[in-house]
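In case you want the letters, here they are:
Number of protein chains: 2
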Amino acid sequence: MRTVLNKMSSTTRRASATQESLHRIFTIPEAPDSTLGVIEKEMSENLLGFLGQHIVAVEKPLNEIEKDFACSALPEEPEFVSDHIHHLLNKLVAQSVHTSSPSFIGHMTSALPYFILPLSKLMVGLNQNLVKIETSKAFTPLERQVLGMMHRLVYGDNDDFYQQWMHSANHSLGAFCSGGTVANLTALWVARNNLLKADGEFKGVAREGLFKALKHYQYDGMAILVSERGHYSLKKSADVLGIGQDSVIAIPTDKYNKIDINALADKCQELTRNNIRVLSIVGVAGTTETGNIDPLMEMAKIAQQYQCHFHVDAAWGGATLLSNTHRKLMAGIELADSVTIDAHKQMYVPMGAGLVVFKNPASVAAIEHHAEYILRKGSKDLGSHTLEGSRPGMAMLVYASLHIISRQGYEMLIDQSIDKAHYFAQKINEHPEFELVTAPELCLLTYRYVPKEVQAMLEIASQDQIEVINSLLDKLTKFIQKRQRESGKSFVSRTRIEVNRYQGKKVLVFRVVLANPLTTKDILNDILAEQCELAKESQKYLPELLAQVAKASV
Amino acid sequence: MRTVLNKMSSTTRRASATQESLHRIFTIPEAPDSTLGVIEKEMSENLLGFLGQHIVAVEKPLNEIEKDFACSALPEEPEFVSDHIHHLLNKLVAQSVHTSSPSFIGHMTSALPYFILPLSKLMVGLNQNLVKIETSKAFTPLERQVLGMMHRLVYGDNDDFYQQWMHSANHSLGAFCSGGTVANLTALWVARNNLLKADGEFKGVAREGLFKALKHYQYDGMAILVSERGHYSLKKSADVLGIGQDSVIAIPTDKYNKIDINALADKCQELTRNNIRVLSIVGVAGTTETGNIDPLMEMAKIAQQYQCHFHVDAAWGGATLLSNTHRKLMAGIELADSVTIDAHKQMYVPMGAGLVVFKNPASVAAIEHHAEYILRKGSKDLGSHTLEGSRPGMAMLVYASLHIISRQGYEMLIDQSIDKAHYFAQKINEHPEFELVTAPELCLLTYRYVPKEVQAMLEIASQDQIEVINSLLDKLTKFIQKRQRESGKSFVSRTRIEVNRYQGKKVLVFRVVLANPLTTKDILNDILAEQCELAKESQKYLPELLAQVAKASV
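So the sequence lines, in the order shown, correspond to chains A and B. Going by our numbering, the first residue of the first sequence is number 217, and it counts up by one from there. Going by our numbering, the first residue of the second sequence is number 217, and it counts up by one from there.
Keep in mind the hints are simulated off the structure, nothing from the lab. Values in this document were obtained by computation on a predicted structure and should not be read as measured data. Keep in mind that a hint or two might mislead.
The list treats identical chains as one, so a pair stands whether inside a single copy or across any two.
In silico DSS-like cross-links for lysine-lysine, where the CA-CA straight-line distance does not exceed 25 Å [unchecked claim]:
{"no.": "1", "residue 1": "K593", "residue 2": "K276"}
{"no.": "2", "residue 1": "K419", "residue 2": "K431"}
{"no.": "3", "residue 1": "K694", "residue 2": "K722"}
{"no.": "4", "residue 1": "K413", "residue 2": "K431"}
{"no.": "5", "residue 1": "K737", "residue 2": "K705"}
{"no.": "6", "residue 1": "K307", "residue 2": "K596"}
{"no.": "7", "residue 1": "K705", "residue 2": "K276"}
{"no.": "8", "residue 1": "K596", "residue 2": "K691"}
{"no.": "9", "residue 1": "K283", "residue 2": "K596"}
{"no.": "10", "residue 1": "K593", "residue 2": "K691"}
Chain A extracted, bound-state conformation (with noise of 0.2 Å):
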């Protein structure tokens, strides 16, 4: 009897105290002297520094850190804040990734102005829901802002046609998204819908779907169109929308890895004599792996001829338009139907931020839907026009970004990351051992390490010789890559593209992306320094491709 009393309250005084802790974290802020207090003030203080300091330099194995993650239970028990956090510290933060790093040149994700955090602090503080004007009021018309002002970067209408169109309760300029995928697939979705539109009995393939759709329309299927080097979102989304993957065609790209508009031009012609029809040509403005932009002007012409939708997935290269210096490069976008551009890339906004836009502002009717309780027919609720439903206030940060750091600023940037790519061209150029494979358009370019004599070697090699080669130096690329990344100091990416000297076999190269600002010509030669002496550690793979060169050349 003694025990289950004594349970019993054990209970009681354990419940007592959860229901104690639990009122603190919703009423009693953290104290600057807490542990996340600490940690707050030190990342508005210096955030490098701390990155720096908190995130471990030497890679640790994922199977090592999937310990420190192994348990699924469910936490009984509550913990306190500054124990938890320090938990944080030690075995999440520590084995997190440098992405704001200047030497960290392999990914498109890069350092972010300062004013960002506490502005983000303020979007979760307000805790805004995009999805309908009730719970997001002002954050409604300033979103349909940011996406007026993006439509106009890319379209250029007049005030005019802004002011019509901006804050219409039926229209929209575009949708804001989690990032990119969700862009395009918002994107092929208005186009689909659009060009299976009602028709007589048929309702519209929104409502009555696909197999009816091409019944009704009496094609034996669709097509999408894109280069080669087409982001991997686009299958996604034709496996999403039920177009199926295998419609996504992928046409040749020249040697400056832009599509090949003839072979685009046959392929709408073969398919449209096989009643294939092509739903969307989508052109590239900044591929992924080696930053190129297709002929936007040309492929327009195509797509008008074959009435179908031209989008252009400028995820990354979007933000080349703030350039008055480089914006040429994406000329014939204006031309698109519809335009992708991430800001969470070279808008330097914290991951989360994708937008696409509509050339025509009624387009997205083709995707509108209601209910009873949120987006009331007539209202202004953006939550009518896109993918998602709930959103946080992202496009608050883009609206920041836009006037703080301005055209002007965005300018700078983008003008000085192309420049310090050309630099490093020309470095890796110069340079006896390395090889440019892919030259920069925008800030991106790819490269690999050959020794002097194995690049003597590749000019004069028979065709069996040049493969034998490239796959030790494929070897060799990704021994170096890998043991740049796990010794911490710095970081490139690396990818496998069709290289045109080697008669379009695709080898494993360096990639590099150099849109951080922070990012000096003195960490550019340090990186091709590191992997110098990191070919050298290579006991196989190095020592075996010149065993090949000497072989070659008795």
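Chain A is already provided as a structure; the job is to place chain B on it using the hints.
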């Protein structure tokens, strides 16, 4: 000549000023006494106070607010951070919605625990991209662990199960996403692709699309069955997936807003007879409008019988599983093939945290995709099984909340919310001037203001009279709800629902969600009192209603 020189030098001066301000924003932190520094401090010390002080209570009409967001031109020159922040405070924050106010009980967004603010700042500062390990490292096992915990919450498999699958490269226990809509879409995408899988010559719907899939499987169509209370995202998903909105078949509900199980069984039989393949039966666990839960166990049996995917949309109600007191309400959820849960609803995480879990860790193989530079086969990159590409590290916030609040803490929060709803329902029932339309099962309820004379009249009126009265009551409800919102002290939402006692006709009701832990009983009583006052201010509908009653009693 002189003017040209002057102009040039002023351009150069401007450029160098822009250059300098750019350098500042990337390298110099906001000082503690800067505008942003002060805002941060205020938010850290007293978030509710900060919001209460900066958000203007009395509503400004939307068309007035739009005037502040009317310019479509891109800002050409940089603005000082502090100037811009003042602008944001005055024009945006002032006119945003106080979603965390304890008296705003009309939406599903509520107060956040204090630790969330600094942690969100940490998340943004780290700026990880969860699409791949290279840009997220420890965040990837962390997200997999959170999915494991949520999977265990739903399915309760044993340690061995989670040991085997949680960190397996080619499996996934679920997917994080921006919200419930993408979660539902992902679940139905998996369901579609698994049903219409590769078979003989046919390479599967993912590759060949729906048109060929239905031809191959010789179905005349597909269907998704859900109660008439199902969320609008299901129709949207059916549209996106190419199945068509009309294929979402709304099954009637009983007087408790639960699916009529016989009607569901009959419809399945009818569809099957007509060669329409039932793709999925969707159970609702917490309807958006009334918070009721479908009979999941019985639905699972029917899904089993028709060999179709059983999805449960528990975007709202899923967190109830954390309460041992109430999880029995969700009995049968463990039989679902997939379950949607929004962490940004009853798990008190900020906007942007939805997820879906899958019973079978292999089922996501149906939506697997790869690319050259990331998501290589065999890698553990999360992006190979998600609809979205680049994604932020929201999983950290769910992880921290699960540890700091813990299961017991969530149980208390959920139990208290439901208790509060029962208290409010009782108050409404006891009050002579209100009609409880739907009683709470979770913490949602709906009701309306009905003067007692009118209530008496409704008991005895003819069908025609009831319709006239309800139509007037609808106008009165709308009037009260709008006035209450505009006056800014409190907020309930409104929706239209079919009401059993009015022959299933739709009536307009107040909708209340009682998830904010800071909402007190006093606040609830004040809301009722305010609504009574507002009703009396109605110069039109209340007199008309009373006139109707007088007329009828003659």
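Checked hints:
Proximity of K593 and K276 under a CA criterion of 25 Å is satisfied inter-copy only: 21 Å between copies versus 54 Å inside one chain copy. For the identical chains of this complex, K419 and K431 are neighbours both inside a copy (13 Å) and across copies (21 Å), given an alpha-carbon limit of 25 Å. In this assembly of identical chains, K694 and K722 lie within 25 Å of each other by CA distance solely inside one copy; the values are 14 Å within and 64 Å between copies. Proximity of K413 and K431 under a CA criterion of 25 Å is satisfied in both settings, with 13 Å inside one chain copy and 22 Å between copies.
Taking CA atoms no more than 25 Å apart as the test, K737 paired with K705 passes inside one copy only; the shortest distance there is 15 Å, against 57 Å between copies. For the homomeric pair K307 and K596, the shortest alpha-carbon distance between copies (19 Å) is at most 25 Å, but the shortest distance inside one copy (45 Å) is not. For a Cα distance limit of 25 Å, the shortest separation of K705 from K276 inside one copy, 14 Å, qualifies, whereas the shortest one across copies, 53 Å, does not. With identical chains, the CA atoms of K596 and K691 are at most 25 Å apart between copies only, with a shortest distance of 21 Å across copies and 56 Å within one.
With identical chains, the CA atoms of K283 and K596 are at most 25 Å apart between copies only, with a shortest distance of 15 Å across copies and 49 Å within one. Only between protomers do K593 and K691 lie at most 25 Å apart by alpha-carbon distance; the minimum there is 17 Å, versus 59 Å within a single protomer.
Of the numbered hints given earlier, the model fails none.
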